[in-house]
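Protein chains: 2
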Amino acid sequence: MATTSPLSNPHISVPDKPNPAALVNPVQEELKLVEELLRSVAQVNYAFLADILEAIISAGGKRLRPTVLLLSARFYKYDIPHLVPVGAAIELLHTASLVHDDTIDDSLLRRGKPTLNSILSNGATVLTGDYLFAHAASLSTRSENIRAVRLFADSLVTIMDGELAQIASGRNPERARENYYARIYAKTASLFEAACRIGAVVGLAPEQGVERLGRYGRQMGMAFQVIDDILDFQSNTADLGKPVGNDLRHGTVTLPAMYFMDEARSDDERQLVRSVIEGKVDNDEQVNHAVKLIKESNALELAYRQARLFANEAKEALADFPNNENRQALEAIADFAVERDR
Amino acid sequence: MATTSPLSNPHISVPDKPNPAALVNPVQEELKLVEELLRSVAQVNYAFLADILEAIISAGGKRLRPTVLLLSARFYKYDIPHLVPVGAAIELLHTASLVHDDTIDDSLLRRGKPTLNSILSNGATVLTGDYLFAHAASLSTRSENIRAVRLFADSLVTIMDGELAQIASGRNPERARENYYARIYAKTASLFEAACRIGAVVGLAPEQGVERLGRYGRQMGMAFQVIDDILDFQSNTADLGKPVGNDLRHGTVTLPAMYFMDEARSDDERQLVRSVIEGKVDNDEQVNHAVKLIKESNALELAYRQARLFANEAKEALADFPNNENRQALEAIADFAVERDR
Numbered sequence: 001m002a003t004t005s006p007l008s009n010p011h012i013s014v015p016d017k018p019n020p021a022a023l024v025n026p027v028q029e030e031l032k033l034v035e036e037l038l039r040s041v042a043q044v045n046y047a048f049l050a051d052i053l054e055a056i057i058s059a060g061g062k063r064l065r066p067t068v069l070l071l072s073a074r075f076y077k078y079d080i081p082h083l084v085p086v087g088a089a090i091e092l093l094h095t096a097s098l099v100h101d102d103t104i105d106d107s108l109l110r111r112g113k114p115t116l117n118s119i120l121s122n123g124a125t126v127l128t129g130d131y132l133f134a135h136a137a138s139l140s141t142r143s144e145n146i147r148a149v150r151l152f153a154d155s156l157v158t159i160m161d162g163e164l165a166q167i168a169s170g171r172n173p174e175r176a177r178e179n180y181y182a183r184i185y186a187k188t189a190s191l192f193e194a195a196c197r198i199g200a201v202v203g204l205a206p207e208q209g210v211e212r213l214g215r216y217g218r219q220m221g222m223a224f225q226v227i228d229d230i231l232d233f234q235s236n237t238a239d240l241g242k243p244v245g246n247d248l249r250h251g252t253v254t255l256p257a258m259y260f261m262d263e264a265r266s267d268d269e270r271q272l273v274r275s276v277i278e279g280k281v282d283n284d285e286q287v288n289h290a291v292k293l294i295k296e297s298n299a300l301e302l303a304y305r306q307a308r309l310f311a312n313e314a315k316e317a318l319a320d321f322p323n324n325e326n327r328q329a330l331e332a333i334a335d336f337a338v339e340r341d342r
Numbered sequence: 343m344a345t346t347s348p349l350s351n352p353h354i355s356v357p358d359k360p361n362p363a364a365l366v367n368p369v370q371e372e373l374k375l376v377e378e379l380l381r382s383v384a385q386v387n388y389a390f391l392a393d394i395l396e397a398i399i400s401a402g403g404k405r406l407r408p409t410v411l412l413l414s415a416r417f418y419k420y421d422i423p424h425l426v427p428v429g430a431a432i433e434l435l436h437t438a439s440l441v442h443d444d445t446i447d448d449s450l451l452r453r454g455k456p457t458l459n460s461i462l463s464n465g466a467t468v469l470t471g472d473y474l475f476a477h478a479a480s481l482s483t484r485s486e487n488i489r490a491v492r493l494f495a496d497s498l499v500t501i502m503d504g505e506l507a508q509i510a511s512g513r514n515p516e517r518a519r520e521n522y523y524a525r526i527y528a529k530t531a532s533l534f535e536a537a538c539r540i541g542a543v544v545g546l547a548p549e550q551g552v553e554r555l556g557r558y559g560r561q562m563g564m565a566f567q568v569i570d571d572i573l574d575f576q577s578n579t580a581d582l583g584k585p586v587g588n589d590l591r592h593g594t595v596t597l598p599a600m601y602f603m604d605e606a607r608s609d610d611e612r613q614l615v616r617s618v619i620e621g622k623v624d625n626d627e628q629v630n631h632a633v634k635l636i637k638e639s640n641a642l643e644l645a646y647r648q649a650r651l652f653a654n655e656a657k658e659a660l661a662d663f664p665n666n667e668n669r670q671a672l673e674a675i676a677d678f679a680v681e682r683d684r
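As you go down the protein sequences, you meet chains A and B in turn. Its first residue numbered 1, the first sequence is counted upward by one per residue in this note's numbering. Its first residue numbered 343, the second sequence is counted upward by one per residue in this note's numbering.
There may be inaccurate statements among the hints.
Now the stretches of chain A that chain B is said to cover, found in silico as 3 or more residues with beta-carbon under 8 angstroms [what the hints assert, rightly or not]:
1) 69–75
2) 126–135
3) 151–160
4) 274–286
Computed, partial: chain A to chain B, Cβ under 10 angstroms [what the hints assert, rightly or not]:
5) His-100
6) Gly-123
7) Arg-142
8) Ile-146
9) Arg-342
These are computed hints drawn from the structure, not numbers from a lab. Here a beta-carbon is modelled for each residue, glycine too, at the ideal position from N, C-alpha and C.
Take the sequences, apply the hints, and build the full model.
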C-alpha cells in the first residue's frame, strides 16, 4: 500500500475544505478586540520579556478557542464587555499550558519555531507561563460570572490531571491505549468544551443550550486532537514544527499506533512499534522504520475516520439550533478540525 | 560590635514572644477543615505524586495565610462552607508559587528539606506547581464570590509581575534598592493583603472593613518579609533550610544590605558587599566575609526596627475593630511576624 494521506484518500468522502475566512466571520470584530487584549498582556515594561510574549502570543494563529466561545455566546445574550476578556483568557490559558508543556516535554520546537524553553532558562520559561496563567485567571473574572470562572478553573484541573495520568502511565502500551480517549479529552477536548460552555454561560443560555454547546466543543476537540495525532505522523518538521513520529519517539501511544498494533500484517512489525513505545528501541533508523510502517498501513485512515465521526457528532449537537451564520461557522470549524493539514 | 540578633538586643523593647497556640485559637476548628481540604488535594491516584504532594503540603507549617483570612472574615458574616475552600485555596496558591520559585531560583533546599526541584525533573516540578495552582483556582470559586476570586487572580498577577521585575533589575544594587519595598510587597505582602481582603469580602464586610483589613494584611506582610530578609543573614542551614547569606549570594539586595551600604564604616567594606551583589566576587571566603560584616554591623537592627514599624502599622489598622479575641489574634500574628526566629 502506498503512503496515503487521509486528506487525499479518494475512498473517503469529505466535505469541501472549509474557507478559513468563513470560519470567523460572524465574530470577526470581537476577535479583533480579543487580539488587542492579548497584545496588551504582552506589553510589559521588561524589554526581554515583551519581545518573547509578543512572539508567543502572535504564534497562536487561529484563535479557535476564543472563536468557538464567542460563537457559542452569540446564540444568546451577546454581551461584548463580558465576553471579550474571557475570549482572551481562554487563549492565554491555552498558551500558558503550551509554554509549560514545552518545559515538561523538554521540546525544542513548536509550530516550527524554537520553544521558549530552548531559548530561555527553565526558570524564566516557568515564570512566563505563570505570568500568562495569572492574566488568564484575572481576565476570566471580568465575565462577572462565577460559574464561568469555575469552568475555567475546572478545565485547568482536568488538563493537569491528564498530564499527571500521562506521566503515570509511562511507556506502557496497554495502559496507554485503555485511556487514550480520556487523555485526549483532558489534553484538548476539555478546553474546547469549556470554551463553548463558558460562552453559553456568559450568554445566560438555558441549561440545555450549555449542554449542547458543551457537547459540540467536546466532540470537536476530540476530532481536533485525533487529527493532531495523525499529523504527527505526516507532517515534516517545517510544517508542524516537530520531527515526524514525535509522539512515538516519546512513547506516547496515539490512535494511529493503536490501530496499527491491532491490524499489523506481522508480529515482527507489531513488536517493533511496541518496542519503540516501550523505549526499548531508540536508534533513529529503527524508529523511522516504525513510523514508516504506520504511515504505510491503513492506521492513519482508520484514525481519520474516527476523527470524522467525532466532527459529525459535534455538528449533530447543533441540530436544534437555528441554522444561522453562527451555527454554520461552528459546523465549518468542526470540518476544519478534521480537514486541516497542519 | 559583637554579633547581635535583633531578637535578643537589649536596646530594643519588644513585646513578649507571642504564644503560637494563642495565634490560631479563634479559628482552630476551621483550620482543621482547611487542613483536611489541603490533604484531599494531595490524594491523587498516582503514588509517586501523592507522596510528594503530601510532603509539600505538610511542610507548609504555620498556615498563616488561611489563618488571617478566617480571622478577617470572623468580624463579619462567618460562612464556613464559603470560607474554608478559599482558606485552602490561598495556602495552595502560596505553596504552588514556592514550588515554581524553587525552579526559578534553582534552589536545592527549602525549609531545611530538599526542594522538589532537586528530586524531580524540572518538568515534573512545573507540572506539580500547575496542579496546585489549578486546584487553588478551582477552590477559590467555591466562595461563590466573583470579587474574592478576582482578588486571588490579581494577587497572582502582582506576584508574577514582581518576579519579572526582580529578574529585570538583575544584579544592579541601585535599581534593586529603589524598588525594594515594591518587591517585598509583590513577593509577600500582596498575598497577605489579598488573604485579609478575601476574608472580609466573603464575609460581606462594608468597604471600610475591607480596606482596613487589607491594610493590616499588607503591613503585616511587609514586616514578615523584612524579617525573612534578616533571618537570611542569621539562621543556619538547619533552621532556615538555606545557607546563610543566600540572598546576597544570589545578588538579591535586601534591607540589611541596603542599610549596611548606607552606614558601612569603610569604603572597602561597602565595595566588597557591592561586588558580591553585582556577582563580581563569588569565592566563598569573600562572600562569607561580606555576610559577616553585615551581621556584625547595625544593619540587622535597623532592618528589625523597620519590620517593627510595619507590624505596629498593621496593628493600628485594627484600631477601630472591637477588641475581641479575633483582633487580639491578628495583633498576635503581627507580633509573631517580627518576633519569630525562623
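Evaluation of the provided hints:
Look at the region 69–75 of chain A against chain B: 0 of its residues bring a Cβ nearer than 8 angstroms to a Cβ of that chain, fewer than three, so the hint is violated. With a threshold of 8 angstroms between beta carbons, the proposed coverage of the region 126–135 of chain A by chain B holds, since 8 of its residues qualify and at least three are required. Chain B is given as covering the region 151–160 of chain A, and this holds because 7 residues of the stretch bring a CB closer than 8 angstroms to a CB of that chain, at least three being needed. Counting residues of the region 274–286 of chain A whose beta carbon lies closer than 8 angstroms to any beta carbon of chain B gives 0, which falls below the threshold of three, so the coverage claim is violated.
The criterion of a C-beta within 10 angstroms of any C-beta in chain B is met by A/His-100, whose closest approach is roughly 5 angstroms, and the hint holds. Using the Cβ-Cβ criterion of 10 angstroms, the hint placing A/Gly-123 at the interface with chain B is satisfied: the shortest such distance is roughly 4 angstroms. Taken as an interface hint, A/Arg-142 checks out: its beta carbon lies about 8 angstroms from the nearest beta carbon of chain B, inside 10 angstroms. Evaluation of the A/Ile-146 hint against chain B yields a held restraint, the C-beta minimum of about 5 angstroms falling below 10 angstroms.
With 10 angstroms as the threshold, the beta carbon of A/Arg-342 stays out of range of chain B, its nearest partner Cβ sitting at about 26 angstroms, so the hint is violated.
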